[in-house]
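S.K.: Here is what each chain is made of, one letter per residue.
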Amino acid sequence: MNNITLTSVSKHYGKTKAVNTMGLTVATGECLALVGHNGAGKSTLIKMVLGLVRPTAGTAKVMGYDPMATDFNRVRQDIGFLPEQVLFQNNMTGRETLAFYAQLKGASLSGLNDLFNRVDLYKAADHRISTYSKGMRQRLGLAQALIGQPKLLILDEPTTGLDPASRQNVYSIIDDMKRGGTTILISSHALTELDSRIDRVAILKQGNLVALGSIAELRQNIGLASEIKIHAPDSSMELLAQHFGDKCFVNGVAHFSCPADEKIALIRELMDLNISLADIEVKDPSLEQIFLALTEGQTNE
Amino acid sequence: MNRLWTLITKEVRDGYRNRWVIMITLIMTTLALILSFLGSAPTGTTSVSPLAVTVVSLSSLSIFFIPLIALLLAYDSVVGEAERGTLTLLLTHPVSRTEVILGKFIGHLFLLTIAIVVGYGVAGLTISLTGETNFADQEWKSFIRLLLSSVLLGAIFLSIGYMVSAWVRERGTAAAMAIGIWLLFVLLYDMGLLALLASGDSGINGELVKWLMLINPTDSYRMFNLTSSSDTALLSGMAGLSSEHRVSDASLILIMMSWVIAPLVTACAIFKRRQL
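For the record, the sequence lines run as chains A and B.
Our numbering puts the first sequence at residues 1 to 301.
Our numbering puts the second sequence at residues 1 to 276.
Wrong hints could be hidden among the right ones.
[Said to hold, decoys possible] Listed next, with one range per pair, are the computed distances between beta-carbon atoms:
{"#": "1", "chain 1": "B", "residue 1": "M257", "chain 2": "A", "residue 2": "G14", "range": "36 to 42 Å"}
{"#": "2", "chain 1": "B", "residue 1": "G206", "chain 2": "A", "residue 2": "N90", "range": "51 to 57 Å"}
{"#": "3", "chain 1": "A", "residue 1": "G58", "chain 2": "B", "residue 2": "E207", "range": "53 to 59 Å"}
[To be verified] What the simulated footprint calls covered on chain B by chain A, stretch by stretch (three residues with Cβ under 8 Å from a Cβ of chain A suffice, anywhere in the stretch; the number is not a length):
{"#": "4", "stretch": "11-25"}
{"#": "5", "stretch": "83-97"}
What the hints contain is simulated information worked out from the structure, not anything from laboratory work.
Values in this document were obtained by computation on a predicted structure and should not be read as measured data.
Even glycine gets a Cβ: it sits at the ideal position worked out from N, Cα and C.
If we strip away everything but chain A, and leave its shape as in the complex, we get (with noise of 0.2 Å):
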C-alpha cells in the first residue's frame, strides 16, 4: 500500500512553475529523499503532500485521504512535519511549546520526557528557548515531529545548522523510526550522509522529477564508474604494471574506475593474478556524485 501518491501535480505560481506534472508515490514504511538544488520545488512538493498548498492540476493522495479536503485532519495526527526553518516563540519553554503541539494532536503529555531524551534536551526541557542554541532549537523542532508516534514522517532539511554529533543524532532517530515502520519523507542537502538510510531517491530539478530510483539503480543507469583503489608491494605494482598498463599508477598507488556492473570481474581478475597486495579500497560513486552528475549545467541559486 501506498503512504504518498502524487499523480502528475503541478504547481504554479504565476509563471513560476515550481512543481511540473509529478508523479511519485512513496510506500508505507519506505524512507524516501527529495534531492535536488535550491528552488528545484522540493519544499512545494512537501507542502503540497501536508496540504498547505493546492495543487494547480493533479490529484495527491496522502493515507487514503485528500490533503485539501477538510477530512484530511482526520490523519493529521499520525503526520510528523518538520519545516525546513521554524523558530518557536522565544518566551515559552521547550516543555510548553511541545505540550502545546501535543495538544492540538491530541497526543499525550506523558510521552514528552522520552521526547526531550531521545533529542538529548533532557536538562534544557523546562529552560525558555531564548536561552537555546541553534542546533538546541532544531533538536526540539525533531521532537516536535516526533510527537505522537507519527505514521508518516516529512523532514525538510533536517540536519542543516547541526554540528557532526547532532547530525548523528539526527539519523539516529531517523534509522529508529524507519525500524518502527515509519514512512519517511526527507528533503536534505547532506547528500553522502544520507547515502546508507534511504530506500529511493527522487531528484528534482527545476521543479521536474529528474531522476527516481534507490541509489544502485542510478548509479547503474547513469553509468558513473566506481573506483578501486590498490595498495601493494613494489614487486607487486610491477606485476600489475605488466598486466594492465602503467597509465594507471599515481603516487605509487594504482586506480582503476569502472562500471559499477564490472566491479566483481575486475576484482576476480585482479584475485586471479596471485600477486601480494597489501589493501583494497572500492567506492562507488556517492549520492552527491549522481546527483551533480544528474544535475549539472545548471547553477545554484
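Guided by the hints, dock chain B onto chain A, whose structure is given.
M.R.: What follows is chain B alone, placed relative to chain A:
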C-alpha cells in the same frame, strides 16, 4: 473544541509572558485615573454624578486608545507567525484555519477585557469612593455600559486587524496598514464629515450625515456612551439632541456587532485562501 481551547490558552499565556497585559493594564489604569481626576475637578458640588463625568472622560480615552491597542495586538498575529515559520507548522496539525483565527480572537479579546475592566474599574471605583455622592447612587449603569461597549470596541479593531494580518505578506506592511486604519477611523473620518457639514451646502441631509457618522464604529461607540444617561448627555453636549435624532441603543449595538462579525468572517475567508 479542545483544540480551540489549546489555541486560546496559548494566546493568553503569550500576552501574559511578554508582559503585554501588565503593561497595557498599567497604562490604561494610569490614563484613566489621570483623566478621571482631571475631569472631576470642576464639578465641585453640583448635582452631576462624578462617575458620569468619568464615563464621559473615559469614553474619549477609549476612542483613541482601545482601537490602537487592539490593532497592535492583531496586526502581527497571522503575518508574524507566517514569517517565523510557526504558521506552516501549526496548520499541519488537525486545526482548521477558522479555528486559528477564532482562537486568536477569543484569546486577545480576553486580554483586552482584563486591561479594560481593571484599568477603568480602578478609576471608576476610586472616583466613586472619594466623591461625596453615595456609592450606590452613582451612575453605575452608564459605567457598566462603558465597560461592555469598550470591550466591543476592542473586538471590532481586533477583527479588522486580523483581516489585515491574514491579507498582507510582510509585517511592515501590516503595521503601516494598521496605523492607517487607526487614523482613518479615529481622526480622518470625522474630519471629513465635519468638512462636509462646514461646506454649507444646503443640499446636505441631516439624517444622512447622522447615519454616515454612525457607520464609523468609533462614532457609534461615542453616541452609545454619551447619551447613556441625562448626566452624560448634559456633560457632553448631547442633551440638545432632539428625540427624533436619537438613535436607539439596539441600532448602535447592531452597528458595532456587525463591525465585529463582518471583518472576522472576511479575515477567515482571506486566511483560507492564503498561500503558504
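S.K.: Could you run down the list of hints and mark each one as holding or not?
M.R.: Hints, one by one, checked against the model:
no., hint, in the structure
1, B:M257 <-> A:G14: 36 to 42 Å, "holds (39 Å)"
2, B:G206 <-> A:N90: 51 to 57 Å, "holds (55 Å)"
3, A:G58 <-> B:E207: 53 to 59 Å, "holds (58 Å)"
4, 11-25, "holds (count 4)"
5, 83-97, "holds (count 12)"
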